[in-house]
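On the provided structure of chain F, position chain L as indicated by the hints.
Taken in order, these protein sequences are the chains called F and L. Residue 9 in my numbering is what sits at position 9 of the first sequence, and the numbering runs on without skipping anything. Residue 1312 in my numbering is what sits at position 312 of the second sequence, and the numbering runs on without skipping anything.
Where hints are given, some of them may not hold.
Unchecked claim - In silico SDA-like pairs for lysine to any residue, Cα to Cα no more than 25 Å straight-line:
| hint | chain 1 | residue 1 | chain 2 | residue 2 |
| --- | --- | --- | --- | --- |
| 1 | F | K165 | L | F1290 |
| 2 | F | K40 | F | I25 |
| 3 | F | K98 | L | A1318 |
| 4 | F | K83 | L | G1301 |
| 5 | F | K98 | L | S1323 |
Quick caveat, the hints were computed from the structure, so don't treat them as lab data. Note that the structure is predicted; figures quoted are calculated from it, not measured.
One letter stands for each residue in the lines below.
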Amino acid sequence: MLADADARFGSEDVQIRCLTDSAGILRRGDRPRVEAAMEKIARRFPQVFVAIYTGSLGEVANIRQFGFWLLNRSAFEDVPLQKPNEAGILLTIDPESKAAGMVFGYLLDPFLEEADTFECLSRAHAYWLEGRYADGILRVLAHLDGILCKRSRQARKDPEYFERKVLPPAQVGDLLRRIREGHRASPQDETTGVAP
Amino acid sequence: MPSLGFAAALEEPAFPAWKAGELSELESTGWVAGSVLLTNEPIPDEFGRPKTETFQIEQPKPEEVAQDLAVSPEIAEEFLPAYFAERPKSFLIDPQGLLSSSDYRDRLSFLNYHASDSSIDLFVYVIGGDQEIPSAVREEETIERFFSEGRPAAIVFYYLGAPQRSAVYLSPSITDAVSAAEQRRALESSVMQAFEKTRAPEQIEKFLVQMSIRIYWMERMLAGDSTAKNTLPTVAPRVATNRRPSVDPVKVQRLLELARELAIPAGVLFASVTIALAFSAWLRSRTRYFFPEFEVEARLGGAYAAGVGAVISFASAAVPPASQRDQVPDYLRRA
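In isolation and in its complexed conformation, chain F is listed as follows (with noise of 0.2 Å):
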């Protein structure tokens, strides 16, 4: 629950920006790389943006707890006002227990799962392991950006697979009911005759 961590962390909104190392983990020089990469997927999906935050968050179980809070607390500075939040993709980095999260806003709920998010982190672990930050977090950004690609076109293909993922169950029902109805409604089937 969001009032729990607003317990835990606050319940004031917290102004960063998209790319906020407060854990000095980003060398001379890979600042840059990073923002371009994030920059770059901002560019390619004009709905989305993609924020990072390294801090020193404690527990490890905290982590996806704080993921949840930061993404639904903080406003990003830094992203223009036709992307609010629940178009955001957060990557958060504790280097001190050595743990990683990835949380998405409401916009991407139907097209990303939890396994996507987790084959993105499971590219940069070698990386972080390695102590290199900045490279994990290229790998991470980079497989993001075919997934999210591969999200698209499928949306584009077939938007009901994704729409039923995240209609309530009642209206589920709804929707198969009035795909039936399109289906016996529609002129092919009353020139071939076929029986509904």
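Structure of chain L alone, referenced to chain F:
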């Protein structure tokens, strides 16, 4: 005191002397080491030798001096018919018997082999290294007379023991096809090969092997293979008798024409594919991807996001990502 020391330094030590009976004891063994030096007697043969010796050298006779003046004797008249009277019946012409019978047999055998393998015969006139062809014999005219008909031939006047004096002529039918420069190069490389040996029989063997190889290249020129002129080796391969397989010039020409015909279409195709790939990559980089926006019910009190995501630990290499799957608590999963 210093003067006494100086005098002592100037005094030379006495020579060693035989003790009583020591010399006679050693002499009884037959030989006394250093007996020549350790004696007061004069060194044998040192004295009594005449001061100067006059060597008695026989002076050359007048007829010998006259013979030396004729440095380059002409081929004896008796051999001239055998050399120049008619077109030779054999590839090796040695009426003077300058080559031993075995060498003659071997060289003739090689020339016969060459003739069986080549369209240009090789005739060799063996002449003594210090001999001259009589001025009455004109080589060019002789060759034109004897070799105008029949198979093309290369004629070599080989001076045994002096390969650098050798000369090569081609029969009139191929003189125009093989340039004088190429003829000169063939001769030079053959002479070079001959000089690798010191014995005259071995020199002529090397010479002929190399000349045979050069004739092979002349054959290629006659066949119209223009590449032969450019790839002509200046020195023979080490295994001189190893003949190279002949290449059909017609096939080579056909392949070259085919390559010329296909060069432009292949270039155009390659350029088209490259441009298409580059254009495709450029298009992909410019493509924008959109997602349909659906109404998503808010969960867990989050206005913008619910906690559906993944976490990974990179604390230890012993805990790979594969072992960290499925670790999302149920309460964070979508209802």
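How the hints compare with the structure:
1. F/K165 / L/F1290: holds (18 Å)
2. F/K40 / F/I25: holds (22 Å)
3. F/K98 / L/A1318: holds (14 Å)
4. F/K83 / L/G1301: holds (20 Å)
5. F/K98 / L/S1323: Between F/K98 and L/S1323 the Cα gap is close to 16 Å, so the pair holds against 25 Å.
In the structure shown, no violation is registered for any of the earlier numbered hints.
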